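Asker: Using the sequences plus the hints, can you model the full thing?
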Amino acid sequence: MSLWKDFSKGLWKDIAPFRIVLGLCPTLAVTTAADNGLAMGLATTFVLTCSNILVSALRNIIPRRVRIASYVLIIATFTVMVELVMQAYFYPLYMILGIFIPLIVVNCIILGRAEAFASKRPVLNSIADGVGIGLGFSMSLTVLGAIREILGAGTLFGYAIFGPDFSPMTFMVKPPGAFVWLGLLLGVMNIIKRGRV
Amino acid sequence: MHEAWTFSDYILLVIGAIFVNNILLAQFLGNCPFLGVSRKMETATGMAMAVIFVMTLAGIITWIVQTYVLVPLRLEYLQTIFFILIIAALVQLVEMFLQKSFPALYQALGIFLPLITTNCAVLGVAVINIREELTFLQTVVYSFASAVGYGFALILFTGIREQLEVSGIPDFMKGTAIGLVTAGLLSLAFFGFAGMVG
Numbered sequence: 001m002s003l004w005k006d007f008s009k010g011l012w013k014d015i016a017p018f019r020i021v022l023g024l025c026p027t028l029a030v031t032t033a034a035d036n037g038l039a040m041g042l043a044t045t046f047v048l049t050c051s052n053i054l055v056s057a058l059r060n061i062i063p064r065r066v067r068i069a070s071y072v073l074i075i076a077t078f079t080v081m082v083e084l085v086m087q088a089y090f091y092p093l094y095m096i097l098g099i100f101i102p103l104i105v106v107n108c109i110i111l112g113r114a115e116a117f118a119s120k121r122p123v124l125n126s127i128a129d130g131v132g133i134g135l136g137f138s139m140s141l142t143v144l145g146a147i148r149e150i151l152g153a154g155t156l157f158g159y160a161i162f163g164p165d166f167s168p169m170t171f172m173v174k175p176p177g178a179f180v181w182l183g184l185l186l187g188v189m190n191i192i193k194r195g196r197v
Numbered sequence: 198m199h200e201a202w203t204f205s206d207y208i209l210l211v212i213g214a215i216f217v218n219n220i221l222l223a224q225f226l227g228n229c230p231f232l233g234v235s236r237k238m239e240t241a242t243g244m245a246m247a248v249i250f251v252m253t254l255a256g257i258i259t260w261i262v263q264t265y266v267l268v269p270l271r272l273e274y275l276q277t278i279f280f281i282l283i284i285a286a287l288v289q290l291v292e293m294f295l296q297k298s299f300p301a302l303y304q305a306l307g308i309f310l311p312l313i314t315t316n317c318a319v320l321g322v323a324v325i326n327i328r329e330e331l332t333f334l335q336t337v338v339y340s341f342a343s344a345v346g347y348g349f350a351l352i353l354f355t356g357i358r359e360q361l362e363v364s365g366i367p368d369f370m371k372g373t374a375i376g377l378v379t380a381g382l383l384s385l386a387f388f389g390f391a392g393m394v395g
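Heads up: the protein sequence lines correspond to chains A and B, in order. Position 64, counted from 1, in the first sequence is what the working numbering calls 64; the numbers after and before it change by one each time, with no gaps. Numbers given in the working numbering equal positions in the second sequence, counted from 1, plus 197.
These are calculated hints, taken from the structure and not from any lab test. In this text the structure is predicted, and so the values were computed from the model without any measurement. No residue lacks a Cβ here, since even glycine has one placed at the ideal position from N, Cα and C. Please note that a few of the clues may not be correct.
[As the list claims (entries may be wrong)] Computed cross-link-like contacts, SDA-like style, restricted to lysine to any residue with a CA-CA straight-line distance of at most 20 Å:
#1 A:K193 / B:N218
#2 A:K174 / A:F157
#3 A:K193 / B:F349
#4 B:K237 / B:Q335
#5 A:K193 / B:M246
#6 B:K371 / A:R19
#7 A:K174 / B:I375
#8 A:K193 / B:M370
#9 A:K174 / B:F309
#10 B:K371 / A:R194
#11 A:K9 / A:V123
#12 B:K371 / A:M189
#13 A:K120 / A:S8
#14 B:K371 / A:I192
#15 A:K193 / B:T373
#16 A:K5 / A:K120
#17 A:K13 / B:M370
#18 A:K9 / A:S167
#19 B:K371 / A:I15
#20 B:K237 / B:G365
#21 A:K13 / A:S2
#22 B:K237 / B:F388
#23 B:K371 / A:I191
[Said to hold, decoys possible] Per label pair, the in silico range of CB-to-CB distance:
#24 B:G356 / A:A88: 44 to 52 Å
#25 A:F166 / B:A201: 47 to 55 Å
#26 A:F171 / B:E239: 29 to 37 Å
Answerer: What follows is the structure, given as structure tokens:
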């Protein structure tokens, strides 16, 4: 039961990056299209889950004073793995996500979960937490990417959804659109949470 | 190989890094501290100074390590791990050095130094330097200019945000939500510089 709780809280109650306002850089930068957002989310989920497992398994071995450095090293290792795999098998995606793949290592969500959750809980709970938060993050990125792609390019996952007369709002796929939409979505989340305006 | 750069090329590099491709508003690096410390002007200036200091140093050191250690040993694939460790160690060293030698500056930068380790702008600039195949001098100039651009945007944004505190905003948009929308408008303003440098 508590496993399910650890998993499901990441999908709504503590959904990143809305409820925990961390990991904004990839959120803003790669969500120009829905599939980019999804790919970034899944890559982050992999690193987050693996680092949670290792941090949790080693939680009684790592001395407290060097724990942050150890966590960073663990996260960096898995990030390099993702980077190499993407370079080998998903090259176009690797080029689109570009610099934000190595930057998974400084995604504060991952370090945050290692410090706040995995370093205190057993392995199974940490896996549930990692997968849950990771999927929630992927979901947010996909939604934000979808909104920007629909308005900015008139497509969704690469398929045209409007007629040929649609003139795209380029503003949406440019940097300002990312900030404005993330802000508006955050406002909508606040309304839903309170049940009133 | 690169052609010889003239002085005006460097000026363009600086202007491009500060205004056109502002690291914060156009490249989305370092947004977490951007929203975190922009509530008060003192914290924002502290963070801006710390970033300028560390980012320039980190850019230089990672470039040297990449060129003279990783490439000759064919260890480029370990770049991410090396760079993050270098930055973490550098921040620690800078902190200890300032504490002993310049206590006044250390007091001013205070808690912002350790936070910089997880500021993705620092690692981001280090990686960009390598990916764009900049020379040593270009790396120095670009790292410094990016950091100045970061501080510039951060301080501008803080000024606006202090005004937001006293204006009437619907409850559900208060705090981070309105901050992000404001950052979007600021980013739009910076868009006006696009095309200034070709």
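Asker: Taking the hints in turn, state whether each one holds.
Answerer: A quick look at each hint next to the structure:
In summary, the hint linking K193 of chain A to N218 of chain B is not supported, as the alpha carbons are separated by about 37 Å, beyond the 20 Å threshold. Note on K174 of chain A and F157 of chain A: the hinted pairing holds, with a Cα-Cα distance of about 18 Å set against a maximum of 20 Å. A distance of roughly 35 Å separates the Cα atoms of K193 of chain A and F349 of chain B; the hinted pair therefore is violated under the 20 Å criterion. The suggested pairing of K237 of chain B with Q335 of chain B is violated, with an alpha-carbon distance near 33 Å, which exceeds 20 Å.
For the given pair, K193 of chain A sits about 38 Å from M246 of chain B by alpha-carbon distance, which is inconsistent with the 20 Å threshold. Note on K371 of chain B and R19 of chain A: the hinted pairing holds, with a Cα-Cα distance of about 14 Å set against a maximum of 20 Å. Distance restraint check for K174 of chain A and I375 of chain B: the Cα-Cα separation of roughly 19 Å lies within the 20 Å cut-off, and the hinted pair is therefore satisfied. Only pairs whose Cα atoms come within 20 Å are accepted, and K193 of chain A paired with M370 of chain B is accepted, the gap being roughly 13 Å.
At most 20 Å may separate the alpha-carbon atoms for a hinted pair to count; K174 of chain A and F309 of chain B exceed this at roughly 30 Å. With a C-alpha separation of about 13 Å, the suggested pairing of K371 of chain B with R194 of chain A holds against the 20 Å cut-off. For the suggested pair K9 of chain A and V123 of chain A, the alpha carbons sit about 17 Å apart, so the restraint of at most 20 Å is met. Restraint check: the Cα-Cα separation between K371 of chain B and M189 of chain A comes to about 12 Å, which is no more than 20 Å; the hinted pair holds.
Under the criterion of a C-alpha separation no larger than 20 Å, the hint pairing K120 of chain A with S8 of chain A is consistent with the structure, at around 19 Å. This hinted pair checks out: K371 of chain B and I192 of chain A have alpha carbons roughly 15 Å apart, not beyond 20 Å. With a C-alpha separation of about 15 Å, the suggested pairing of K193 of chain A with T373 of chain B holds against the 20 Å cut-off. Restraint check for K5 of chain A and K120 of chain A: satisfied, since their Cα atoms lie roughly 16 Å apart, inside the 20 Å limit.
Between the alpha carbons of K13 of chain A and M370 of chain B the distance comes to roughly 19 Å, so the proposed pair stays at or under 20 Å and holds. The suggested pairing of K9 of chain A with S167 of chain A is violated, with an alpha-carbon distance near 39 Å, which exceeds 20 Å. In summary, the hint linking K371 of chain B to I15 of chain A is supported, as the alpha carbons are separated by about 19 Å, within the 20 Å threshold. Restraint check: the Cα-Cα separation between K237 of chain B and G365 of chain B comes to about 19 Å, which is no more than 20 Å; the hinted pair holds.
Between the alpha carbons of K13 of chain A and S2 of chain A the distance comes to roughly 15 Å, so the proposed pair stays at or under 20 Å and holds. Distance check on the hinted pair: K237 of chain B and F388 of chain B sit about 25 Å apart at the alpha-carbon level, beyond 20 Å; violated. For a cut-off of 20 Å, the pair hint linking K371 of chain B to I191 of chain A stands: about 11 Å separates their Cα positions. Judged by the Cβ atoms, the range 44 to 52 Å given for G356 of chain B and A88 of chain A holds: they are separated by roughly 47 Å.
At about 48 Å, the CB distance of F166 of chain A to A201 of chain B agrees with the hint of 47 to 55 Å. The supplied range of 29 to 37 Å is met by F171 of chain A and E239 of chain B, whose beta-carbon atoms lie about 34 Å from each other.
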